[in-house]
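A.B. asks: Sequence:
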Amino acid sequence: MAAQRTAEVRGAELLVPELLPKDVETAKQVSNNDYDVVEATDYYRNRIPMANAPVSSVFSRNAAAVSWNALDGAETLLTNPIMVVIGDKIGAFGSHRFGHDIIRRAAAKEKELVILPFSHYELYDLPEATSQALERIIPFFGKHL
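For the sequence shown, the numbering used here assigns the number 1 to the initial residue and increments by one for each residue that follows.
Hints are computed from structural coordinates only; laboratory data are not their basis. Wrong hints could be hidden among the right ones.
Derived lysine to any residue pairs resembling SDA-like cross-links, with alpha carbons at most 20 angstroms apart [what the hints assert, rightly or not]:
#1 LYS89 to PRO117
#2 LYS111 to ASP72
#3 LYS89 to ASN52
#4 LYS111 to LEU78
#5 LYS143 to PRO81
#6 LYS89 to ASP34
#7 LYS109 to PHE98
#8 LYS89 to GLY73
#9 LYS111 to GLU122
#10 LYS28 to ARG47
#11 LYS143 to PRO117
#12 LYS22 to ASP42
#13 LYS111 to PHE93
#14 LYS22 to ASN52
#15 LYS111 to VAL58
#16 LYS109 to GLY142
#17 LYS22 to THR76
#18 LYS111 to ALA133
#19 LYS109 to LEU78
#20 LYS28 to GLU122
#21 LYS143 to GLU110
#22 LYS28 to PHE93
#23 LYS28 to VAL55
#24 LYS22 to ILE48
#25 LYS109 to THR76
#26 LYS109 to ASP72
#27 LYS109 to PRO127
#28 LYS22 to VAL58
#29 LYS89 to GLY142
#30 LYS111 to VAL84
#31 LYS22 to ALA7
#32 LYS111 to GLY142
#33 LYS111 to ASN80
#34 LYS89 to LEU78
#35 LYS89 to ALA108
#36 LYS111 to LEU71
#37 LYS109 to THR79
#38 LYS28 to ARG45
#39 LYS111 to PRO81
Starting from the given sequences, assemble the full structure and let the hints guide the process.
C.D. replies: Right, here's the structure in full:
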């Protein structure tokens, strides 16, 4: 990463690798049909195709992300009631494990982990998945907000 940053300062082109395969068929092939890779590709390439969808990233600007941990401080900062909704389909990106970890580490006295029979990306916009999630979320927030 440092060599790339140095090269860019000296005028080299930005290195912008693709984060997802170009299409679902390629995603199936390169990921051995992993839920997360295939469904992320479908979601960002097909279901919400936008110019600014997160499908690529400037390599040299990711230095901070290398050591970033979304769970840092959970034991201190997450003191309010917390609900985490995850799917039971486990993929390569770790959202299922993250859901368990954040609930375990959160300082909140009232915590609820909801596991639904969907994948991470189905929970984004599949009507059946979002309806089931909202059936749990609305009462929780009604009680705690």
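A.B. asks: Look at each hint and say if it fits the structure.
C.D. replies: Now for the hints, and whether the structure bears them out:
1. LYS89 to PRO117: 7 angstroms, holds
2. LYS111 to ASP72: 18 angstroms, holds
3. LYS89 to ASN52: 27 angstroms, violated
4. LYS111 to LEU78: 10 angstroms, holds
5. LYS143 to PRO81: 10 angstroms, holds
6. LYS89 to ASP34: Holds - the C-alpha atoms of ASP34 and LYS89 are around 10 angstroms apart, at most 20 angstroms.
7. LYS109 to PHE98: Since the Cα atoms of LYS109 and PHE98 sit roughly 19 angstroms apart, the hinted pair holds (cutoff 20 angstroms).
8. LYS89 to GLY73: Between LYS89 and GLY73 the Cα gap is close to 27 angstroms, so the pair fails against 20 angstroms, i.e. violated.
9. LYS111 to GLU122: Measuring from Cα to Cα gives roughly 23 angstroms; hence the hint is violated.
10. LYS28 to ARG47: Satisfied, since the Cα-Cα distance of roughly 17 angstroms is no more than 20 angstroms.
11. LYS143 to PRO117: 25 angstroms, violated
12. LYS22 to ASP42: 9 angstroms, holds
13. LYS111 to PHE93: 23 angstroms, violated
14. LYS22 to ASN52: Measuring from Cα to Cα gives roughly 15 angstroms; hence the hint holds.
15. LYS111 to VAL58: 37 angstroms, violated
16. LYS109 to GLY142: 17 angstroms, holds
17. LYS22 to THR76: 40 angstroms, violated
18. LYS111 to ALA133: 15 angstroms, holds
19. LYS109 to LEU78: OK: LYS109 and LEU78 at ~10 angstroms, within 20 angstroms.
20. LYS28 to GLU122: 17 angstroms, holds
21. LYS143 to GLU110: 11 angstroms, holds
22. LYS28 to PHE93: Status holds; Cα separation ~15 angstroms.
23. LYS28 to VAL55: 16 angstroms, holds
24. LYS22 to ILE48: 14 angstroms, holds
25. LYS109 to THR76: 12 angstroms, holds
26. LYS109 to ASP72: Distance ~18 angstroms between LYS109 and ASP72 Cα, so the pair holds.
27. LYS109 to PRO127: 31 angstroms, violated
28. LYS22 to VAL58: Holds, at roughly 17 angstroms.
29. LYS89 to GLY142: 28 angstroms, violated
30. LYS111 to VAL84: 8 angstroms, holds
31. LYS22 to ALA7: It is violated: about 27 angstroms lies between the C-alpha atoms, which goes past 20 angstroms.
32. LYS111 to GLY142: Holds. LYS111 to GLY142 sits at ~14 angstroms (cutoff 20 angstroms).
33. LYS111 to ASN80: 9 angstroms, holds
34. LYS89 to LEU78: 26 angstroms, violated
35. LYS89 to ALA108: Given that 20 angstroms is the threshold and the Cα spacing comes to 26 angstroms, the pair is violated.
36. LYS111 to LEU71: 15 angstroms, holds
37. LYS109 to THR79: 7 angstroms, holds
38. LYS28 to ARG45: The hint holds at about 14 angstroms.
39. LYS111 to PRO81: Cα-Cα ~6 angstroms, so holds.
Violation of the numbered hints given earlier is confined to hints 3, 8, 9, 11, 13, 15, 17, 27, 29, 31, 34, 35; the remaining hints are satisfied by the structure.
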